Amino acid sequence: MVTPGEDESSPHPRNSRTSTLAKRRRNARACDRCHKNASKCSPGVDGTACVRCSEQEVDCTYNRPVKRRGPPSKRTRIASDAQPTDNQSPESQDPRPHDTPSSINPDAAEDGPLISFSDNPASTYLAHEDVVKPEIIESLVDVFYHAAYPLRPYFHWPTFRAQISQQLYRSDWGLFIVTMAVCALAAGRLHDGIAMPPDPHPLRFEAVTLSSECYNAAVKAIPSDITEAIEWYPLMKAKALLASACLQNGELKRAVAHGGDYISISLSRGFHDEENWPGNLTEIEKQERRRLFWGFYQHDQHLANSFGFVSRQREAKATVLYPAEVYDDEDITEAGIQLEPKKVSFLRGWNFCSDLYRLLEHMDGLVRAARQTSVEEPGGLVTSFLSRRQPPKNFASDSLHLVSKLFEDLPDNLKKINSMTGDPQTDRYGFVASNILITTQTLKMILVGCEKPSVHARCAIATELLDELSTIPLAFFHASSTVTLHHLAQVGHMLAGVIQRPVSAWTYLQVRNILLVLAEFLTKIESTRLSAPGLAIKLRGQISRIDQCMQQISQNPEPGLLSIGQTLLSDSQLFPDRVRPQQPQSTDPTVGNPFEFLQPYSSQAPLLGEGASPTDQPSLPNDLFDNWSFFLGQTGSFEPASSFQL
Numbered sequence: 001m002v003t004p005g006e007d008e009s010s011p012h013p014r015n016s017r018t019s020t021l022a023k024r025r026r027n028a029r030a031c032d033r034c035h036k037n038a039s040k041c042s043p044g045v046d047g048t049a050c051v052r053c054s055e056q057e058v059d060c061t062y063n064r065p066v067k068r069r070g071p072p073s074k075r076t077r078i079a080s081d082a083q084p085t086d087n088q089s090p091e092s093q094d095p096r097p098h099d100t101p102s103s104i105n106p107d108a109a110e111d112g113p114l115i116s117f118s119d120n121p122a123s124t125y126l127a128h129e130d131v132v133k134p135e136i137i138e139s140l141v142d143v144f145y146h147a148a149y150p151l152r153p154y155f156h157w158p159t160f161r162a163q164i165s166q167q168l169y170r171s172d173w174g175l176f177i178v179t180m181a182v183c184a185l186a187a188g189r190l191h192d193g194i195a196m197p198p199d200p201h202p203l204r205f206e207a208v209t210l211s212s213e214c215y216n217a218a219v220k221a222i223p224s225d226i227t228e229a230i231e232w233y234p235l236m237k238a239k240a241l242l243a244s245a246c247l248q249n250g251e252l253k254r255a256v257a258h259g260g261d262y263i264s265i266s267l268s269r270g271f272h273d274e275e276n277w278p279g280n281l282t283e284i285e286k287q288e289r290r291r292l293f294w295g296f297y298q299h300d301q302h303l304a305n306s307f308g309f310v311s312r313q314r315e316a317k318a319t320v321l322y323p324a325e326v327y328d329d330e331d332i333t334e335a336g337i338q339l340e341p342k343k344v345s346f347l348r349g350w351n352f353c354s355d356l357y358r359l360l361e362h363m364d365g366l367v368r369a370a371r372q373t374s375v376e377e378p379g380g381l382v383t384s385f386l387s388r389r390q391p392p393k394n395f396a397s398d399s400l401h402l403v404s405k406l407f408e409d410l411p412d413n414l415k416k417i418n419s420m421t422g423d424p425q426t427d428r429y430g431f432v433a434s435n436i437l438i439t440t441q442t443l444k445m446i447l448v449g450c451e452k453p454s455v456h457a458r459c460a461i462a463t464e465l466l467d468e469l470s471t472i473p474l475a476f477f478h479a480s481s482t483v484t485l486h487h488l489a490q491v492g493h494m495l496a497g498v499i500q501r502p503v504s505a506w507t508y509l510q511v512r513n514i515l516l517v518l519a520e521f522l523t524k525i526e527s528t529r530l531s532a533p534g535l536a537i538k539l540r541g542q543i544s545r546i547d548q549c550m551q552q553i554s555q556n557p558e559p560g561l562l563s564i565g566q567t568l569l570s571d572s573q574l575f576p577d578r579v580r581p582q583q584p585q586s587t588d589p590t591v592g593n594p595f596e597f598l599q600p601y602s603s604q605a606p607l608l609g610e611g612a613s614p615t616d617q618p619s620l621p622n623d624l625f626d627n628w629s630f631f632l633g634q635t636g637s638f639e640p641a642s643s644f645q646l
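Residue numbering for the sequence shown follows UniProt numbering, beginning at 1 and increasing consecutively.
Bear in mind the hints are in silico, worked out from the structure with no lab data behind them.
Hints are supplied without guarantee of correctness; some may be wrong.
[What the hints assert, rightly or not] Dumping the calculated EDC-like pairs for lysine to aspartate or glutamate here, alpha-carbon to alpha-carbon at most 16 angstroms: (1) 286 with 273; (2) 220 with 129; (3) 317 with 273; (4) 133 with 213; (5) 317 with 361; (6) 286 with 334; (7) 343 with 325; (8) 538 with 520; (9) 416 with 331; (10) 343 with 330; (11) 416 with 464; (12) 286 with 275; (13) 342 with 355; (14) 416 with 467; (15) 342 with 328; (16) 415 with 464; (17) 40 with 213; (18) 343 with 331; (19) 317 with 274; (20) 286 with 331.
Given the structure is predicted, the values throughout are model-derived calculations rather than measurements.
Put together the whole structure using the sequences plus the hints.
Shown next, in the form of structure tokens:
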């Protein structure tokens with residue numbers, strides 16, 4: 001082969017100084033246009049246009065200043081010392097690691113940081129290949145597609161699966177860190193005991209090691225200063241997946257940290273506005289970015305509502321469209337989208353969850369605005385002024401009506417959860433439907449507490465949720481993530497929170513009845529997991545503490561409390577099994593019903609004596625729930641859901 005600038009009479013390229021220099025300069029840096037668009041560039045020898053510029057028939061220039069970062073690699077210095085020093089041009093002494101097998105990014109050597117492992121993903125992967133072999137990666141990617149993809153559809157799956165089959169992660173840094181993050185999340189799901197063919201999965205008992213190995217591989221390949229990364233989009237995707245993996249495995253602090261990195265990159269790149277995206281994106285790339293934006297939005301709002309954090313990504317300034325509701329990713333091509341109206345897309349339910357979280361975000365803002373602060377405190381006057389901003393009258397009831405209508409309009413595939421089939425195309429509807437069900441009930445409980453909190457309204461909503469759960473095959477919840485269990489525990493905490501206010505003995509028994517059913521349900525789910533988060537044990541412990549407080553109250557009866565209420569309260573302490581719901585025998589062997597349909601006590605029952613006031617009712621101490629660190633609005637230590645640390 002004759003390189004540009006040589007004639008055919010020149011020496012063989014292997015012995016040619018000119019050819020050697022040309023090889024060194026090949027792929028050294030991206031052209032100006034690809035660098036500006038953060039696109040992967042495939043430049044030729046200096047003087048020839050790159051592939052992208054050639055295809056688009058635009059000028060390919062290299063006019064920006066050359067910047068090198070970091071000291072010369074040790075291997076390059078040794079190679080330079082071994083070469084003859086006579087008749088060498090300045091370019092031949094370039095300390096860049098030009099002799100590495102491949103490059104992370106075309107301009108990473110001059111315009112980006114030195115990443116890790118000799119600056120290329122090939123050696124990074126080789127450092128972990130003994131544990132994470134290519135066949136294991138393919139198997140974990142399939143687990144992700146089955147169990148995690150329905151809620152984290154960040155990929156155009158045909159494209160991503162083809163890249164995995166071709167092992168492109170060996171030579172593409174962005175694909176490498178994303179693949180390792182996918183595998184870490186998938187291994188975490190296997191560790192939790194998800195049932196999928198073949199069952200048990202052959203990698204289940206290696207899941208702890210695999211999750212840790214893949215997580216470490218991804219983290220080590222990411223630069224410590226993420227703002228210097230050139231390929232920022234795959235880095236964002238990897239950070240979002242790592243945040244989900246850490247949350248799944250009980251590493252809350254790391255989940256928050258990875259999410260913070262995602263937010264930092266998103267803000268610095270203007271990712272929240274489609275106008276800031278590169279203009280040459282294909283339809284596939286646009287849809288992937290929309291899924292990533294709204295998928296992480298759901299993740300961030302879940303953290304904010306389940307753990308009392310501050311929301312870091314708000315939709316008020318976002319101008320990103322929802323992803324197209326295609327039936328299958330094959331319906332998305334680089335040129336456009338082919339919708340199939342007669343088929344139900346699981347993404348319709350996924351977008352519905354985004355709607356629910358948007359409502360949750362705004363409800364949270366209204367609740368915070370209404371908090372009371374002394375005007376004498378710094379900022380108190382402004383806080384008091386903002387707290388007077390009240391929502392429209394009947395806002396909560398109108399919101400409940402809207403949520404109910406939107407839910408009713410969903411197709412049955414997204415409202416009913418059937419048994420697991422082992423077919424990812426079928427089972428994905430169940431994963432989305434369960435997310436819809438639990439998130440909808442959580443939103444309803446928040447809405448009924450926004451205006452005049454009603455313990456009976458919340459009991460009704462919790463009972464409705466448990467009635468729905470009782471119709472779902474138990475095996476489906478064995479396949480659900482730890483996040484789903486925290487969602488259920490959150491419902492219990494929101495219900496338990498109402499009995500901090502003055503309550504009657506009858507109301508207390510109604511709440512206690514529901515909490516016990518929820519605890520029994522969580523016990524059944526956690527009993528099948530290799531490392532359960534212990535939510536049921538914690539819930540039972542708090543119920544026991546509530547019982548002790550109520551028992552002390554019953555020994556000093558208030559004048560307005562009916563004797564029947566006192567008798568019921570006393571009986572519940574002496575004979576707790578009398579108020580515990582009994583588990584019915586299911587006629588359907590595929591439906592593992594862990595509880596009965598609740599028959600809550602009537603909210604119309606007379607609970608107070610004649611002339612009694614709410615202040616006559618007993619109340620629980622405010623510090624009773626201080627150590628419910630895994631529930632809504634609580635901070636403090638978080639006990640991992642698993643026994644291993646990533």
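Open item on the list: Flag every earlier hint the structure violates by its number, smallest first.
Closed with: 9, 13 and 17
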